[in-house]
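Protein chains in written order, with the UniProt record's numbering: chain A, 1 to 569; chain B, 1 to 569.
Everything labelled a hint here was simulated from the structure, so no lab data went into it.
Given the structure is predicted, the values throughout are model-derived calculations rather than measurements.
Heads up, a few of these hints could be off.
Repeated chains share a single entry, so a pair holds when one copy, or any two copies, can fit it.
Okay, derived cross-link-like pairs now, DSSO-like style, lysine-lysine, Cα gap no bigger than 30 angstroms in a straight line [unchecked claim]:
#1 K414 <-> K558
#2 K501 <-> K438
#3 K451 <-> K463
#4 K337 <-> K495
#5 K414 <-> K250
#6 K250 <-> K110
#7 K414 <-> K501
#8 K558 <-> K374
Number of protein chains: 2
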Amino acid sequence: MRRFASEKSRIILAHRRNLYSVVQNSTSPLYPQRFSQQPHLCSSFLLRFFNTAPSPSSSSSSSSSTDSMANDYSSTPVTVDSINPKVLECEYAVRGEVVTLAQRLQQELKDNPGSHPFDEKLIETILVVTRDEEILYCNIGNPHSLGQQPITFFREVLALCDHPSILDRSETQGLFSADSIERAFQILDQIPGRATGAYSHSQGIKGLRDTIAAGIEARDGFPADPNDIFLTDGASPAVHMMMQLLIRSKNDGIFCPIPQYPLYSASIALHGGTLVPYYLDEAKGWGMEISELKNQLESARSNGINVRALVVINPGNPTGQVLAEDNQRQIVDFCKKEGLVLLADEVYQENVYVPDKQFHSFKKVARSMGYGEKDISLVSFQSISKGYYGECGKRGGYMEITGFSPEVRQQIYKVASVNLCSNISGQILASLIMNPPKVGDESYESYTAEKDGILSSMARRAKKLEEAFNSLEGVTCNRAEGAMYLFPRILLPKKAIEAAKSVNKAPDTYYVSRLLEATGIVFVPGSGFGQVPGTWHVRSTILPQEDRIEAVISLFTKFHKEFMDEFRD
Amino acid sequence: MRRFASEKSRIILAHRRNLYSVVQNSTSPLYPQRFSQQPHLCSSFLLRFFNTAPSPSSSSSSSSSTDSMANDYSSTPVTVDSINPKVLECEYAVRGEVVTLAQRLQQELKDNPGSHPFDEKLIETILVVTRDEEILYCNIGNPHSLGQQPITFFREVLALCDHPSILDRSETQGLFSADSIERAFQILDQIPGRATGAYSHSQGIKGLRDTIAAGIEARDGFPADPNDIFLTDGASPAVHMMMQLLIRSKNDGIFCPIPQYPLYSASIALHGGTLVPYYLDEAKGWGMEISELKNQLESARSNGINVRALVVINPGNPTGQVLAEDNQRQIVDFCKKEGLVLLADEVYQENVYVPDKQFHSFKKVARSMGYGEKDISLVSFQSISKGYYGECGKRGGYMEITGFSPEVRQQIYKVASVNLCSNISGQILASLIMNPPKVGDESYESYTAEKDGILSSMARRAKKLEEAFNSLEGVTCNRAEGAMYLFPRILLPKKAIEAAKSVNKAPDTYYVSRLLEATGIVFVPGSGFGQVPGTWHVRSTILPQEDRIEAVISLFTKFHKEFMDEFRD
C-alpha cells in the first residue's frame, strides 16, 4: 500500500500528460467547449467542477527512488503510457490524498507512539485500523466498520442458508429463531436444487425477485414485475451496467448532480462519456431546480453533447437532502419531455430522519402521475449496504428497470449474463431487506428494536453534528434529512486559501489535512464530490457510534477555532 | 424470459445492421483485413472463428407481435440502434439458441405432458428446472446445480462467520466441527472490527490475502506476495479488469485460444478490442504449438494490430487438456520475447484426472526458469467456482498479478476501488480453498473423503463419456485430462450439413438441436467456442451425477446412431 501511495505524484503527472496528448490528438467535440482554450481539456473540465488544485503528493520526496523502481520494470510490456486512457482519466476521490495522509500518520504513530497530538485510538474511531495497518474508510458509508451491528434475523437466515444441513438438527432450535428457520426453508425452496452454491439465473433467483417485487409493490402501491429486477453485487455494478449500455463516446453525456457521489464520475470516465453537471442549490437545502437543469441541458446540447440520462440521488449523497414529491414530479416531467433515462439512486431510501419528509420512489411518483411502463425509461438502484442494515461487505443490491423495449432489455440481460450472476448471499439479503419480519413473527420485536435503535441513533448523531457545525464561525450546514452524510460549507479566510496555495493544495484539502494532523479526524474535502467554484465543503459521515460522537465534535470544534484564530482575515 | 427469447431474431438482425454501419463509418484498421471485402467485418471476423451460420431464431414466427410490442416503446429514449455498439457486438454463446430451444421444450412439456419423447425429468438432469421454469445452465460448469454437495467444512466456517454471535454458545459445539469454530475465530480476527458486513480493503481483507499467498507458496515453492492478490467476485470481474486496463481501441489485440471460453471474446468485445485467435491442435491433444502462435502474431501485426496479451486456459476449457510443463516453458519464453502479458486462466487447477499430467502454475514455471518479478508480466486467475468445491453461487476468486510497475498497479488498484470490494463470503471461501483442513484437524478426514469422492467421480464420469463418444461412428474425442468438459469432434455427413443449411442453422447447432428435441439432452455447439472452419464439435460437461450418466450415454448413443442412419452419405 505504501509503495502505491508513494507513486501518487508521478501518476498524477503522467495522467496529466496523458490527458493532454489525448486531447491534442482528439478531433471529437468535447464538452464543455468553453474550456477549450485550456491545454488539458478533460482534466480541466473535471477540475473545474471538482474544484481541485493540482495535487502533488505529500510523498513527492520519494520520487527519485520511485523513478529507479519504475525503471526496473523497463523490460515488462505495460506502462502507464500504454494502458487504456479511460482508466487513467477515472478518479475516485473518496479514497484520495487525505486518506493517504491518514495512512502515513497511522504508520508514524505505530513506529513512534506519541509523535502526534492524538492517539491511534481516535483514528480508529474514524478509520478502524487493524494490527496490520489495514484501513477501512469512513469516507465511504461503511457502518459495520464503525461498530454498527448487523440485524440478527438477517444473519440467522444467511447462516442457515449457507449451511442447510443443520436446519433439521435439534440444537438449531436453541440457537436460531423459529422464523429464521422457517424463512431459510422458504428461501431454499425457491432456489433450484436448494443449491446456494450454484450460479443462478443471470438476473438473480426468480423466487427472490418475486419477493423483492412484492416488497416494491407494498412500498409504492403500484405493481412491480420480477422480470424487471436485476440482482447485482451491490449497486455499483448496476450503475456500471447502465453506463456501459448508454455511453457510446465522449459525445454522450450523463447528467449528474454536483455535488455527486464519485461512483458516477468514475463510471462515466471508465466508459468514455461526458459528465454533464447540474448544481444543487445549497441555499435551498440542496434543492434541484428545473431552471438549472434546463440551462445546463441547453448548454450541453449547444456543445454537441447528446445527453442520455439524468442521475438523481435521493436521499442525497453527499448532501443529505430528501427531495419533495413536487420536485420529483418536475424531474419526471423534465426527463419525459427531454427524452432522458431517469437513473434514480435510491440506496438511502430507509435513511430519512425528519418527520416532515418521506421517501417516495421515482417509480411511484411517475406512476402516480399516470406515466406507465411505456412512457418513461426509469432505473431504480437499491443496495443492501445502506439503510439500517448496512451490509456493505455482502455486496448485494438490485436495479429495477422499467420503460425499456424488449430488444434493449435483451441487451442488458446479455451483459448481466457475461458475469453469470451476483453472489447468492447478497441476493438473499436483498430479498430480506424488502421482506423483513412481520407483526406476529417471533423475531418481529427484536428486529424492530434493532432497526429503530439504529435509525434513531443515526438521526440523533446527524442532528448533533449538524448543530455542532452550525455553531462554528464561518460554517453553515444544511439540515441532515437523510442518507449518512453532512456536507457543511466552510467559509475559509483568504489567508487560509493563500496558505493552501503556498503548499499547492486545494483549500478544502488543506483544511481537512490540517484537521487530520491536529486531531486524527478524517473528513473528505468537498472537491472529491464537486462544489460551486469558490465554495469549500467537507463531507462527514454520521457513522461514528454515539459514545464517540461527542469526542469528535469537541476535537473538531477546538481545531476549527484555532484554525480561524490562525487565519482570520 | 420468453418475451426476451422471442426477440432474438430481431436482435440479431439489428445487431448485423449496427455492425455494418459501425464498420462503414470506421476508418481504423480492423483485423483481419483479409476479410475486409465483406460487408459486416467485425461480425464476419467473429463468425469466421466461431464458425456460426446466421441464426434466425426458432421463434421467428412471433416476430410480428414483437414488432408491435417494440413500437409501443416508441416514446422511450433508448433503442437498440442508440445503445453502445460494443454491447451489441458482445456475444455470450453458451447461453444461446440451444438453451432457448430447451426452455421452449420445457414449457411445452409443462403445458402438454407427453408432447415430447422424453420426460421433464431428463431435462432436469442436464438443466435443473424449478417449478417456475427457471433454468440453470449445465452448459456452464455449475456443479452444485447438478447435485454436487458443498464441502462441509467450508460451509461450516462460512455460516459461523455470517453469524458470529453463536460462536460462544454451547449448542454450537454440537452442531459444528471444532476446527471450523477455530477457523471462524481466526478469520474473524483477521477482519477489522470482526465486521463481515463492512467493505474491506479494495484488494480484499489483508489477512485472507496472507493466507492465499501462503497457499500459493506452498503449491508452487516460490514466494507469493499478499499485495499481489486482488480478491474478486469470481474470476470474471478480474478478467474484465485486465481487459479494461489493456484495451485502448480496436487496434489492441488479445491472443486467445480457439476453442476458447466465451468470457474472453465477450469481454474483448465489450472493451472494444480485437480477439486474435490461435488454434489449439486437436490432433495433438489440443496442444499449443509455438509455430501457430508465431504465425498468428505475425499476421496480426502485419494487419496493424498491437497484440498486448496472451490468454492461456490451463486446464483447458472447453478442451479439457492439461499443458505439459515443457509446453508452458515455451509459452513463457514466447510472451517474454514478444512483450506480451501472460493471462493465465488457472481456475481448473484442482481438476486433473490423469496420472501422467500435473497442474503447474505459470508463475511457478516462469520462476523456475529464472524469470523474476521484473522480467515478465503475469496474471493468474483462480476461482472458488471450479475445482472440487464448485462454489459458483458464492462468487469468489482472485487474480495474482506480478511483473507490473507500481504505477500500473496503482491504476489496477484504482479500478478495483471504484467497486469498493468483492463480497466477504467469497473472500473467505477463497482463503479456505487455498488453506483447507490439514492432517490432525478434526475435519481433515471428512474433508479429504468429500474432496476425493468428488474428484474421483468426476474422473470416472469424464472417462465414461470419453469412451462413449469414441465408440460412435464419426466421433473422435481427445482424452479428458482436466477441467469439467469434453469437446468431441463430430464428422457430420454432407447430407446433414445440407439439412442444416436448409433450415438456416450452423451444422453443429442443427445436430445439437436435434439431439435436444429427441432426448432432452443439452450440449453446446462448438461454434460457441470457436473451431477450425469446416470442423464441428459439441461441448458436454462431465457434471451430471453418476446415477444419471449412463442414461445420458445410452440416449445420446441411440440418437447418434439414428442421426447417422438418417444422413449417412
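A quick look at each hint next to the structure:
1. K414 <-> K558: neither (55 angstroms within a copy, 35 angstroms between copies)
2. K501 <-> K438: Classified as neither; 57 angstroms inside a copy, 59 angstroms across copies.
3. K451 <-> K463: within (18 angstroms within a copy, 55 angstroms between copies)
4. K337 <-> K495: Neither. Shortest intra-copy (47 angstroms) and inter-copy (58 angstroms) distances fail the 30 angstroms Cα cut-off.
5. K414 <-> K250: For K414 and K250, the Cα distance is within 30 angstroms both inside one copy (24 angstroms) and across copies (21 angstroms).
6. K250 <-> K110: So K250 and K110 fail the 30 angstroms test inside a copy (46 angstroms) and across (49 angstroms) alike.
7. K414 <-> K501: between (50 angstroms within a copy, 27 angstroms between copies)
8. K558 <-> K374: neither (56 angstroms within a copy, 50 angstroms between copies)
Violated hints, listed in ascending order, are 1, 2, 4, 6 and 8; each of the other numbered hints is respected by the structure.
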